[in-house]
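Visitor: Single-letter residue listing:
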Amino acid sequence: MSKYLIALLNLIVLVNAPKVSAQHQAFETISAGAFLGYAATGNELLDRWDSKPSLQLSLQTPFYAGHLETGVRSTQFTNSPGFPGYSDFQSTFVYLGWGYDFALTDKLRVGPLLRFGNTFFSYDEAKLYTRPDVNWIYNFDTNESEFAYELIFRSVYRLSDNFSAYAEFTNNRTLTYHPVRLNYLSAGIIYTFSSPGWLKKVLE
Amino acid sequence: MRHTLLILVLLAAPLLLFSQPNSGQEPDSLNDATALRPADLVSGKAGWKFSSIDMFTYNFSNGLYGNYGLQPTLMIDGIPVDVNFFGWQSLNMLPIYLPGVNGVRSPSKPSIYNHTIQTAGVIDFRNNPVASGLNAGGNVYLGNETGDPGPWIYDSSRVTPNVDRWGPDTGGLISFGKNNWYGRGTYVLRRHQQTDPLTHRRLHRTMREFGGTRFYPIQTNSQSGMLETGYITDRLTFKARGIAAEDRNYIYLQPFGREVPSEARYGQLAFTAKYHSEPWNFGLRYIVNQKRLTKRNSDHDYVFDWSQLGNLVKGIASYMKQDFTVSGGLSFNDMTTKAPGILRKNDFITGLFMDVKLAEKRAYSYRISAALDIHRNQTATSLKAYYRHRPDSDDWNMQLDVSYSEVLPIRQHSFGYWITRGYNFHRELDIDLDRPLGISKNRLIHISLRNTLNPTDELTLSITSELTHHYELNIPWQQLSYDLQTGSAPGIFNITGEQGTQFDLQTTTTHRTFEWLRQEISIELRTTLQGSSRYEDYFRQVPGTHIKYKIDVAPVRNLSLTLQGKYRSSTHWKEFDALEGKEYRDIDNLFPIFSGTYNSTVPPQLDIEIGAKKWFWEKRLSLQFTVQNLLNNEVRLHPFGADQALMFNIQATAAL
Chain A
1 MSKYLIALLN
11 LIVLVNAPKV
21 SAQHQAFETI
31 SAGAFLGYAA
41 TGNELLDRWD
51 SKPSLQLSLQ
61 TPFYAGHLET
71 GVRSTQFTNS
81 PGFPGYSDFQ
91 STFVYLGWGY
101 DFALTDKLRV
111 GPLLRFGNTF
121 FSYDEAKLYT
131 RPDVNWIYNF
141 DTNESEFAYE
151 LIFRSVYRLS
161 DNFSAYAEFT
171 NNRTLTYHPV
181 RLNYLSAGII
191 YTFSSPGWLK
201 KVLE
Chain B
1001 MRHTLLILVL
1011 LAAPLLLFSQ
1021 PNSGQEPDSL
1031 NDATALRPAD
1041 LVSGKAGWKF
1051 SSIDMFTYNF
1061 SNGLYGNYGL
1071 QPTLMIDGIP
1081 VDVNFFGWQS
1091 LNMLPIYLPG
1101 VNGVRSPSKP
1111 SIYNHTIQTA
1121 GVIDFRNNPV
1131 ASGLNAGGNV
1141 YLGNETGDPG
1151 PWIYDSSRVT
1161 PNVDRWGPDT
1171 GGLISFGKNN
1181 WYGRGTYVLR
1191 RHQQTDPLTH
1201 RRLHRTMREF
1211 GGTRFYPIQT
1221 NSQSGMLETG
1231 YITDRLTFKA
1241 RGIAAEDRNY
1251 IYLQPFGREV
1261 PSEARYGQLA
1271 FTAKYHSEPW
1281 NFGLRYIVNQ
1291 KRLTKRNSDH
1301 DYVFDWSQLG
1311 NLVKGIASYM
1321 KQDFTVSGGL
1331 SFNDMTTKAP
1341 GILRKNDFIT
1351 GLFMDVKLAE
1361 KRAYSYRISA
1371 ALDIHRNQTA
1381 TSLKAYYRHR
1391 PDSDDWNMQL
1401 DVSYSEVLPI
1411 RQHSFGYWIT
1421 RGYNFHRELD
1431 IDLDRPLGIS
1441 KNRLIHISLR
1451 NTLNPTDELT
1461 LSITSELTHH
1471 YELNIPWQQL
1481 SYDLQTGSAP
1491 GIFNITGEQG
1501 TQFDLQTTTT
1511 HRTFEWLRQE
1521 ISIELRTTLQ
1531 GSSRYEDYFR
1541 QVPGTHIKYK
1551 IDVAPVRNLS
1561 LTLQGKYRSS
1571 THWKEFDALE
1581 GKEYRDIDNL
1591 FPIFSGTYNS
1601 TVPPQLDIEI
1611 GAKKWFWEKR
1621 LSLQFTVQNL
1631 LNNEVRLHPF
1641 GADQALMFNI
1651 QATAAL
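One line per chain: the protein sequences are A and B, in this order. Following our numbering, the numbering of the first sequence begins with 1 at its first residue and continues without gaps. Following our numbering, the numbering of the second sequence begins with 1001 at its first residue and continues without gaps.
Where hints are given, some of them may not hold.
[Unchecked claim] Once the Cα atoms are required to be at most 20 Å apart in a straight line, the calculated SDA-like pairs of lysine to any residue come out as:
#1 A:K201 - B:A1655
#2 A:K200 - B:W1615
#3 B:K1566 - B:Q1605
#4 B:K1574 - B:T1486
#5 B:K1619 - A:F27
#6 A:K200 - B:A1655
#7 B:K1338 - B:N1424
#8 B:K1619 - B:A1655
#9 B:K1614 - A:V94
#10 B:K1619 - A:K52
#11 A:K52 - A:E125
#12 B:K1357 - B:G1315
#13 B:K1619 - A:V94
#14 B:K1619 - A:L68
#15 B:K1582 - B:T1601
#16 A:K200 - B:L1623
#17 A:K201 - B:Q1605
#18 B:K1614 - A:L203
Please keep in mind that the hints were generated in silico from the structure rather than gathered at the bench.
Between the sequences and the hints, there should be enough to build the whole structure, so can you do that?
Guide: See below:
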């Protein structure tokens, strides 16, 4: 599915690039948003752990063609019945992203994004492996991180000059040895304001 | 799916690139958004070959002396830094604060550099000139290789070990400039944690074999600092600097066929003075180098102690008149080497240098240089001459170089040489010798013809063909045997003087497509034309084909993007043939699915990197992201080396 999604996203990008590039002035505005989401589907990770609703906070700013964003999404996973030895854990994805959107109507915009960053796993209980025959112990840390990226398709509906409603479909892949693949559905509100002069100067 | 990131980036890139006018930035080597450590500034350059076991310490060579031969001379701001321990030299030991580096000069071909004939090439890191007033900065770097176990640590059928961590590296710079005076201090700390099952198991087993009784984290820590002051006027330049460096590492000792846990220390005091008074130039340099190599852990039961104190004095005088220059130099190098078994500790090397450049400003120019090294009853002569044709049209020039080089055994920094001087550490490692070790002068003749074309202002094309004949090349050889626990066990070590001939063809094309976009592709083909079977086997360790492509883009102000691809053909390491097809597993078979097979052939590989660097707040802050091994192919640079997977890096820099 990812291949088709990428092809679609890139087609959108290529067709709309000239329009997009003219739309924005870099760092003119800042948008702060909060989202609630849910890992609706995924790979076998979801056979062993149950996902709780996720909370995501993000900041965005126009950046020449498209916009840059940074943010964090936190999701709690609890072990499924039948896997009592599996520790609950918190997954926190800290990311940088780049995307662009184009207007379907005066109020509705859609667009693709690419985010990459690190997923930090924080386990409630450490995992210990022992080999008494060779007097060997391997104690895994309760914290671990791994590179992750995600592809997003987002729609934005402008509610007022400052407020917009967002809905996203996110295909996240964390590159552990056995990769973690999760598909999130999320929605939220974002507030947009003009960048203070000093902040614009710093960002430029 | 593994290519999705690449596909998206490549398809989306043109939008970003062409949507904006140029930034006015001047792309140079340090707009390279993929450079994170000193080795990154060299590995992408044409002419350099490299190998690495841990992907932290890189062994660079220009190909003339192979992997175990004479190493390139390392310098900082034109002053040599000698961190060569038995042919192992780590760029991470250099106090190079990357954000403060202006560029790297790295002629890989035999050249005359700072009044010395450098046959094995030079890697010279050049710092930015110190600005007026007080300046300070710092950075932090962290790399994360993909492939950690994640939540699967709770599934005993899927659990895998943690993988390598790069960093965190930190560094800092403080400088002060006023009128003609300046002062500068740098400090860098670089760290690496090896967890690749191949190297991890071997290092643990080796440390147990050496008497280790506890669990040792497999970590490399390298830290170094430099203090420098100088006075610069139109006529007089004076510099004084001190360097202190320490590297807690696992030195790969080729005669042993494995790493030896070690602690390398280096200290330098250097004073240089240059005086210019038309038509004369005078230069004087005094350098003290202190090198020390010891065992890494106090509870290990081997004695690695090797230390060397060197005092170098060098004087140069040049006379320039119209279009000719005559230079002459004299150097004295006094060395005291202490190690178990070495009885005669003192060495004194006298060096002479003469250089004549003729018709420098004309279409036809010539240069002839000669150098003589005298050590005890041995002399080594080096001669170099070139003829350069540079017509007024500027769109073509040609240079023919002929070099004859002899290298004294003591200059080769080989472990075998110090064995011949009495060093007996090999006995502790159970290395049997095939005596006598055939160490003599390395002697070669090197002929190169370079044509450089500039069909347009934006396009430069150079084609270089080189022919190298080794009259005598000391090749150390260790035909290893297989050992279940440690992978390899040393057999009989010998050094023989071999003859052979190499041919090398290299093309480099640089195109400045726009003011904000520069790309370079280099293709290098190397082959052994003739030579003994040992000679041919030795040079099979060096890839026959290198293709390097790099594009630097500065699409908007304060943003640099780099994409770099490096292809290298396969290499074969005959010394490891006994291990071929043997299986290795993780230490004590803890992780059920983690194992591999030794292969004495390193397969061909394509390594693609992308990087983005964004500056903020009038370049006071920067953030850099890179992704290495984008295709997640097997990237392994040595049959005993770690396999690097896709890797993500981040670096933040602040300057005041």
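Visitor: For the pair supplied as a hint, K1357 of chain B and G1315 of chain B, is the alpha-carbon distance within the 20 Å limit?
Guide: holds (19 Å)
Visitor: When you check the alpha-carbon spacing of K1574 of chain B and T1486 of chain B, does it fall within 20 Å?
Guide: holds (18 Å)
Visitor: Need the status of pair K1566 of chain B, Q1605 of chain B: alpha-carbon distance at most 20 Å?
Guide: holds (8 Å)
Visitor: Mind checking the alpha carbons of K200 of chain A and W1615 of chain B for me, to see if they're no more than 20 Å apart?
Guide: Cα-Cα ~13 Å, so holds.
Visitor: Taken at face value, is the distance from the CA of A1655 of chain B to the CA of K200 of chain A at most 20 Å?
Guide: Holds, at about 19 Å.
Visitor: Are the Cα positions of K52 of chain A and E125 of chain A separated by 20 Å at most?
Guide: holds (18 Å)
Visitor: With a cut-off of 20 Å on the C-alpha distance, tell me whether K1619 of chain B and K52 of chain A pass.
Guide: Violated. K1619 of chain B to K52 of chain A sits at ~42 Å, over the 20 Å cutoff.
Visitor: Between K201 of chain A and A1655 of chain B, is the straight-line Cα distance small enough, at 20 Å or below?
Guide: Holds - the C-alpha atoms of A1655 of chain B and K201 of chain A are around 16 Å apart, at most 20 Å.
Visitor: Check whether the Cα positions of K1619 of chain B and V94 of chain A lie no farther apart than 20 Å.
Guide: violated (24 Å)
Visitor: Between K1619 of chain B and A1655 of chain B, does the CA-CA distance stay at or below 20 Å?
Guide: The given pair, whose Cα atoms are some 8 Å apart, holds under the 20 Å limit.
Visitor: Can you confirm whether the C-alpha distance between K1338 of chain B and N1424 of chain B stays at or below 20 Å?
Guide: Between K1338 of chain B and N1424 of chain B the Cα gap is close to 12 Å, so the pair holds against 20 Å.
Visitor: Decide if the proposed pair is consistent with the structure: K1619 of chain B and F27 of chain A, CA atoms, cutoff 20 Å inclusive.
Guide: holds (16 Å)
The earlier numbered hints that this structure contradicts are 10, 13 and 17.
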